[in-house]
Amino acid sequence: MSAPVLTARAVTKNYRLGKREIPVLRGVDLSIADGERVALLGASGAGKSTLLHVLGLLDAPTSGAVEYDGRVVHDLSVKERALLRHRHTGFVFQFYHLIPELTALQNVLLAQMMGVSMFGYLGRRAALRAQAEELLGQVGLSDRLHHRPAELSGGERQRVAIARALIAQPRVILADEPTGNLDSATATGVVDLMFAVQQQRQLAFLLVTHDERLAQRCDRVVRMFDGKIVGEEAATGAGAAR
Amino acid sequence: MYRLFLAIRYLLTRPINLLGMFGIALSVWALVVVVSLFSGFLAVIESHVQTASADLTVTQLPDWAQWPTLRDGLRDDSNVAALAPRLVHHGLVARPGVRPGPPPLPGRTSLHGGDQPFVFVIGVDAAAESAVTGFGDWLRNPEIPAALRAPAGSDPFAGADDRPRVLIGRQRMERDGLHPGDPVRWTYAISKSNEQGKVETDQREVDLVVAGAFQTAHAGFDGNNMFVREDVLRKALELPEGAVQEIAVRVRDESQLVPTADRLQRIVSRALDRGNQRSYGAVETWRERNAPFLASVEHQRGLLKIVLIVIMVVAAFLMLATLSMMVTEKVADIGILTAMGGTPAGVTQVFLACGLSITVVGVALGLSTGCLTAVYLEEIRQGLRWATGIDLFPLEVYNLIRVPCRIEPLWLLQVAGMALATGFVVSALPALRAARHDPLVSLRGT
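Chains A and B, in that order, give the protein sequences.
The numbering used here applies: residue 448 is where the first sequence begins, and numbers increase by one.
The numbering used here applies: residue 704 is where the second sequence begins, and numbers increase by one.
Be aware that one or more of the hints could be misleading.
To be verified - What the simulated footprint calls covered on chain A by chain B, stretch by stretch (three residues with Cβ under 8 Å from a Cβ of chain B suffice, anywhere in the stretch; the number is not a length):
#1 491 to 505
#2 519 to 532
#3 538 to 550
#4 553 to 559
#5 564 to 578
In case anyone wonders, no lab produced these hints; they're calculated from the structure.
Positions of the beta carbon are idealized from the N, C-alpha and C atoms, including for glycine.
Produce the complete structure using the sequences and hints provided.
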């Protein structure tokens, strides 16, 4: 396995509820390497999503450090963290979080627009659009480019979300229960797609899930309970056998 | 790029945002049209007032002021083209034996003119007055019916007998059914000091014969003034030969009106200096002389501006409400935008771009339609009258040929600036609220 691309070192996270401090993460250490697929398994309230948000620089740790390629990044400026998220991290969420006013193509293009200036975008519009169309084609949505989220099924929406996460060619994908809102047949299709793309691009992949069977398709399974990592093992499923 | 793209998509898919845009457009339109109309109206009124006035008037002269002395001093000024002496008094004019109408009601001023019996009677030398003001043209105004015209020739007060003649405003003559040759009685009062030095007021009457009508472009002037020969008034007021109460002045260069007024003021003060530390006489430009009237129109324009700006504030609140509603609806998008690499500043700019787009389009719509409406106001008035029979702006009341309009570029800039600033403020408030929203709340939500 190569050197870790994303690392959490002794990360804690507390939330304040009135006068009380609620500890959600209690000293978590975790590393994910390029091309590695890690499943984060645990019951509701174990701190899985919070850890994902901290690793994705959407939330700051109360103590500890988040490193990207060995460089401490959690204390960067808001703008630097946003840039890091845009260039290197792709998110896939349970509820897709597509923008309802935009078509599938526009939702993917929006992610590209965020990385360039207006003139930069207008100058490369055709190329960026072709890239987005190709990616949507790869996730099986060539014929749904101009459909809005309301006109797509749950599986199709999640495919658009996956394309959006991949368009900026990130090194890390953080997926928060991406199949939690899908029926099992659709979920299987979505997971197969994600894993295929992950393998093809050799992405570091962190999958938050409740689903033991899904977790076993990863390389490694990390178990969380009450804000702490309580176990870590190599997966036994198809993913681990890769 | 994504900020503007997203802002436009949000706006296009939410027709309710057009409410704010139409509100801004409507208020800008109203501010342009109404103020252009009033500016045009003010310009026309000024022009009418100017045609009924002398360029400069020497006024507030004491009883002992002498025309020859003042004339000799004033005509030496290089910018003075002509001078005319005047005597001015006031009173009630009505047909003999006919009780004059009621005096003006409280709050009504003589500015309305023509609808009250109180008038100023001005004693003039017709030839001198014609050289200074449009006096001759007022008598030859083509709108005066032939039956009401004064005798043609150099002396409009000429008649078959030696009874004193009076020139009356055309509208007053028509209202009172007067014609040339009809008798009228002027009732007035004069104050005199008796032997004990006590001031006594006497009521006097002078029987006059209507010589004919005059008409300026300023109906208020016509309704409030009558002209008689100077010697008639001098006799009525028991003034000595050479007495003068006002001097009308025509200048050669109108652009030098104020400096000329200052110079004439010094000449008058010097000529009337009695060594008693008192200053007699005042020189007023036509604008200063009519300042209360002109200021009243200007004041109305100012009040209307305030009322219309309130409409803009209401439109701004409408925009604030729709944008706030949109921010509340779009909190889920704030989370994903942040996850994709957006910053709070970027989120602010998305919603700011929404508000500013609404404002810019609203201002552009308002300015363009406002200017078009102002330019074609007369055609719109005619079209409306033809279609509905309603005349929104009766021209004859104001003695106008067409609905006046003057578009002032500075005002357009002020309106645009004001609307843009208002739009910026009401866009910034919800945009800042959006930026403060915790993206994790929406990412964790349903």
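Taking a Cβ-to-Cβ distance below 8 Å as contact, does the segment 519 to 532 of chain A have at least three residues touching chain B? Contact hint for the segment 519 to 532 of chain A vs chain B: holds, 5 residues under 8 Å.
Count the residues of the segment 538 to 550 of chain A with a beta-carbon closer than 8 Å to any beta-carbon of chain B: does the count reach three? holds (count 8)
Take the segment 553 to 559 of chain A, compare each residue's beta carbon with every beta carbon of chain B, and decide whether three or more fall closer than 8 Å. Holds, because 3 residues of the segment 553 to 559 of chain A bring their Cβ atoms closer than 8 Å to Cβ atoms of chain B.
Report holds or violated for chain B covering the segment 564 to 578 of chain A, Cβ cut-off 8 Å, minimum 3 residues. holds (count 5)
Within 8 Å of chain B (C-beta), three or more residues of the segment 491 to 505 of chain A: holds (count 4)
Going down the numbered hints, you'll see the structure goes against none, and every one checks out.
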